[in-house]
Amino acid sequence: MSDTHSESIAFVRDTEIPPAPPPMAEAGAVKWLRENLFAGVFNSILTVLAFIALFYLMSGFLPWLFGGAWNTANIRECREVIQGSGGCFSVLTDRWNQLLFGIAYPSEAYWRPTLAFVMLFVAIAPVLFNNLPRQMLIFTGLYPFIAFWLIWGGTILIPLVALAGFVVGYFIFSALTKQSFAMALGGAVVGALVTWWLGGFVSQAMADVLALEQVPSRNMGGFMLNMILGVVCVSLSLPIGIVLALGRQSSMPIIKWICVVFIEFVRGVPLITLLFVANVVLAYFLPPGTNFDLILRVIIMITLFASAYIAEVIRGGLAALPRGQYEAADSLGLDYAQAMQLIILPQALKISIPGIVNVAVGLFKDTTLVSIISMFDLVGMIRGPILSSTDWNGVYWELWGFAALLFFVVCYAISQYSQWLERKLQTGHR
Amino acid sequence: MTTMTDPPRQSFRLSMLLNDTRYRSYTFQFIALVVLAGIVAVLANNLVVNLAAAGLNISYEFLANPAGYDINQTLIPYTSQSSNLQAAWVGILNTLLVAFLGCLFATILGVIAGVLRLSKNWLVAKLMSLYVEAFRNVPVLIWILIINTIVVTMPSPRAYRGDAATHEMLFGVIAYTNRGVYIPAPTFGPGSMIVVATFIASIIGIFAYRRYAKNLLFNTGKLLPTLWPSIALFFVPTLLMYFIMGMPIGADIPALTGFNFQGGIQIQRPLIALWLALSIYTGAFIAENVRAGILAINKGQTEAAASLGLRPGRIMNLVVLPQALRVIIPPLISNYLNITKNSSLAIAVGYADITATLGGITLNQTGRAIECVLLLMLFYLIISLLISFFMNIYNRSVSLKER
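For the protein sequence lines, the chains are L and X, in the order given.
Position 336 (the first sequence) corresponds to 335 in numbering that gives the first Met the number 0; numbering is contiguous.
Position 258 (the second sequence) corresponds to 257 in numbering that gives the first Met the number 0; numbering is contiguous.
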């Protein structure tokens, strides 16, 4: 057998041929170009068109960006320097403080909102990333009070009293929650109110303990105002949204219909009409003699607006949970509050995180609408004091580009986080 | 004879209102109702006291009074002597106009961008994601103001005048100026109605033919061509009738007379800015919906269709699109709703929509804040509820019939 076989084979290679390089057209950059840019006639045409479009964009954009003037005092001086093609970015170096902090925030206190902004990242980090030490959440809890003190100023006793109210409420709640959830909640609210009432006297009596220079709300402006509105309204609307979503799912018809009417009403009207309400109508419904400032009224309305949208997102999460989860909680003998806290909400909230983030991004973008009721946020600042000043009248692109860039950075970062979280939370399906 | 099988009937105790699940829900609902009534009563009381203090009352008589202001773009007859109600109607129609135009353009833009973002062409896909991300992550108000700036910096009508004209009309018929865009208006001569009727009839004919072809295919398996006959039906009868009737439909081309263009249809600057901004902004969202819809279709569906021997065009038409549309349409309609609601930002560029007329000038001139804002909310609420009503009907009709 073996010899006949050896007869038929004239030559047996005993060394391996070195692998030949792939053909030119099937390797490296050429292959990539062929597959991704010039696969077929139609694709090639598209590529050429895209290149032309890109060229036109860049030929306008790049000279504008790199040929710009960065330190001139006003638009006339700037136009002399740039001679036609560049941008007048000196408006940004000249007015950066107004764009970021508004027109009336005391300049020697800029470090306070800046510090609050930096601390925001520390406070929000343990909420966003699960693997950070849980003790950081304590700082998250303290953050609202610190930030209030830093941004608005005044004595530290006011936020301390507010904090004390919450602490008292928490202790009453955890002491009573074993007996009845409703009783614990009621007790906590009463305890907190009493603490605030008593603390009010203390903070009034000692108004200059560790007092920072007080800044009234109407002096807030610029991008800081957008950040304040965005952060405050999103965080306030989350608990309200959860309550509304649970109410809409409830089996009690009256509670259900109150929630349905509220949610559908708020979702049916544009935010701008709610801001009109805050601006001109809400004052009629408040007790005579009280005078809420505009920023507080706006926060109330935007919070209501956001909570209706968040409620719908969470309702989606609740509906997406399999019925077995509800039944399992029932069969363990948990009551409604326990079942929600321990079984339903943790899962439902996890499902609804991407939706909540979407609402948050949308809400943050919508904070620019306050410029229409003549508040000086970033957009209001640009449209009002800066574009109408004689120094910078006519510098559109640089200002709008800057505003768009600020919002883009924040919103893009948040949406990237949401996508990362979505990938991380995808446990086991598919 | 008494039976002892019934358990001893428990007498009702007050604590059962809180502890017995049979009664507890009534307690909670009662509390909720009382709290709600209390809040409403306090608010209503405050309202009455505040109104009395300011010497005001709630009345809608101002709607019949002359508005006293001019509106630059109106779809119905309006002068400054017309009533506030008429001004509100102008605003409503303007809102609906910009919302309709915006939905139309946003859909076209969104579908193209969404499909191109899935393209295998690397450059095109990247450019489209740049478009989507740039527009989705920047507030619509900023986009409206940016596009308004672009329109404001367009050439003034003067640039078209005389020998030293620096700009020419697009195709010789469209003029774009900082006052707005002027496009030719159709003029209807005698007999033009017949041409229009022919056109409508041929459109109906196209649908009838396609339905006939589909039925024939399903019943007998015989395949008729549809694309070329449709195109032919679209153009041929109308053009024939147009020449037979002696070309009755003409175009009123805008022409420069004096300092401005006359004739044609003028689309005012604010409308252009708002329309473009809303549609490009919402187009980015629609692009994402379209992309998600197409990606949601399992690859197995495409492969199964291919293994049945269908050609790529038919796979798209018969297998992928019907399933993708079920995913795309609900968010699409909520985007339409967003366009309608975002059109209230018209006030930022001076377009006279309902928010700018009723909620802006009328409110400021009459001081009837509560009434104006209430009517304004009512209008948007009705629009939203109508749209979501139709969306629910649609959803029910396309939802998978499961047992």
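Keep in mind that the hints are not guaranteed to be accurate.
Said to hold, decoys possible - For lysine to any residue, the following SDA-like pairs were computed, each having C-alpha atoms within a straight-line distance of at most 20 angstroms:
hint, chain 1, residue 1, chain 2, residue 2
1, X, K119, X, L129
2, L, K349, L, V40
3, L, K349, L, S387
4, L, K177, X, L129
5, L, K255, X, V235
6, X, K221, L, F41
7, X, K119, L, G315
8, X, K125, L, P215
9, L, K255, X, L384
10, L, K255, X, A36
11, X, K125, L, N130
12, L, K255, X, T26
13, X, K125, L, L36
14, L, K255, X, V39
15, X, K119, L, Q415
16, L, K255, X, Y25
17, X, K119, L, A26
18, X, K213, X, Q322
19, X, K125, L, G315
What the hints assert, rightly or not - One side of the interface only, derived from the structure: several residues of chain X facing chain L at Cβ under 7 angstroms:
hint, residue
20, V34
21, V47
22, W121
23, L122
24, I141
25, S201
26, A368
27, L374
28, S383
Hints are computed from structural coordinates only; laboratory data are not their basis.
Source: prediction; values computed, not measured.
Just so it is clear, CB atoms sit at the ideal spot from N, CA and C, and this is done for glycine as well.
These are the hints, each one checked on the structure:
1. Pair hint X:K119 plus X:L129 holds up; C-alpha atoms about 16 angstroms apart against a cutoff of 20 angstroms.
2. With a CA separation close to 47 angstroms, the supplied pair L:K349 and L:V40 exceeds the 20 angstroms bound.
3. Between L:K349 and L:S387, the direct Cα distance comes to roughly 47 angstroms. Violation of the 20 angstroms bound is thereby established for this hinted pair.
4. A threshold of 20 angstroms between alpha carbons decides the hint, and for L:K177 with X:L129 the separation of about 54 angstroms lies outside it, so the pair is violated.
5. For the hint linking L:K255 to X:V235, the alpha-carbon distance of about 59 angstroms lies beyond 20 angstroms, and the restraint is violated.
6. Of the pairs offered as hints, the one joining X:K221 and L:F41 is violated, with about 32 angstroms between alpha carbons and a cut-off of 20 angstroms exceeded.
7. Straight-line distance between C-alpha atoms of X:K119 and L:G315 comes to about 34 angstroms, which puts the hinted pair past the 20 angstroms bound.
8. Proximity of X:K125 to L:P215 is assessed by CA-CA distance (about 46 angstroms); at most 20 angstroms being required, the pair is judged violated.
9. About 19 angstroms separates the Cα atoms of L:K255 and X:L384, which keeps this hinted pair within 20 angstroms; it holds.
10. Distance check on the hinted pair: L:K255 and X:A36 sit about 16 angstroms apart at the alpha-carbon level, within 20 angstroms; holds.
11. Distance restraint check for X:K125 and L:N130: the Cα-Cα separation of roughly 33 angstroms exceeds the 20 angstroms cut-off, and the hinted pair is therefore not satisfied.
12. For the given pair, L:K255 sits about 15 angstroms from X:T26 by alpha-carbon distance, which is consistent with the 20 angstroms threshold.
13. Annotation: proposed proximity of X:K125 to L:L36 holds, straight-line Cα distance about 12 angstroms (limit 20 angstroms).
14. As the CA atoms of L:K255 and X:V39 are separated by approximately 18 angstroms, the hinted pair is consistent with the 20 angstroms bound.
15. For the proposed pair X:K119 and L:Q415, the alpha carbon gap of about 23 angstroms is over 20 angstroms, so the pair is violated.
16. For the proposed pair L:K255 and X:Y25, the alpha carbon gap of about 13 angstroms is at most 20 angstroms, so the pair holds.
17. For the hint linking X:K119 to L:A26, the alpha-carbon distance of about 18 angstroms falls within 20 angstroms, and the restraint holds.
18. For the hint pairing X:K213 with X:Q322, the CA-to-CA distance comes to about 19 angstroms; that is within 20 angstroms, so the pair holds.
19. At most 20 angstroms may separate the alpha-carbon atoms for a hinted pair to count; X:K125 and L:G315 exceed this at roughly 32 angstroms.
20. Interface hint status for X:V34: violated, as the beta-carbon distance to the closest one in chain L is roughly 10 angstroms, over 7 angstroms.
21. This hint is violated: X:V47 has a C-beta 10 angstroms from the nearest C-beta of chain L, more than the 7 angstroms allowed.
22. Residue-level restraint check for X:W121 holds (minimum Cβ-Cβ distance to chain L is 4 angstroms; threshold 7 angstroms).
23. A hinted interface residue such as X:L122 counts as satisfied when its beta carbon comes closer than 7 angstroms to some beta carbon of chain L; here the least separation is about 5 angstroms, so the hint holds.
24. Below 7 angstroms, beta-carbon pairs count as interface contacts, and X:I141 has one with chain L at about 5 angstroms; its hint therefore holds.
25. Because the closest C-beta pair between X:S201 and chain L is about 30 angstroms apart, greater than 7 angstroms, the hint is violated.
26. The beta carbon of X:A368 is positioned within 7 angstroms of a beta carbon in chain L (closest approach about 4 angstroms), and the interface hint is therefore held.
27. Here the hint on X:L374 is broken, as its CB sits about 10 angstroms from the closest CB of chain L, past 7 angstroms.
28. The beta carbon of X:S383 comes within 4 angstroms of a beta carbon in chain L, closer than 7 angstroms, and the hint placing it at the interface holds.
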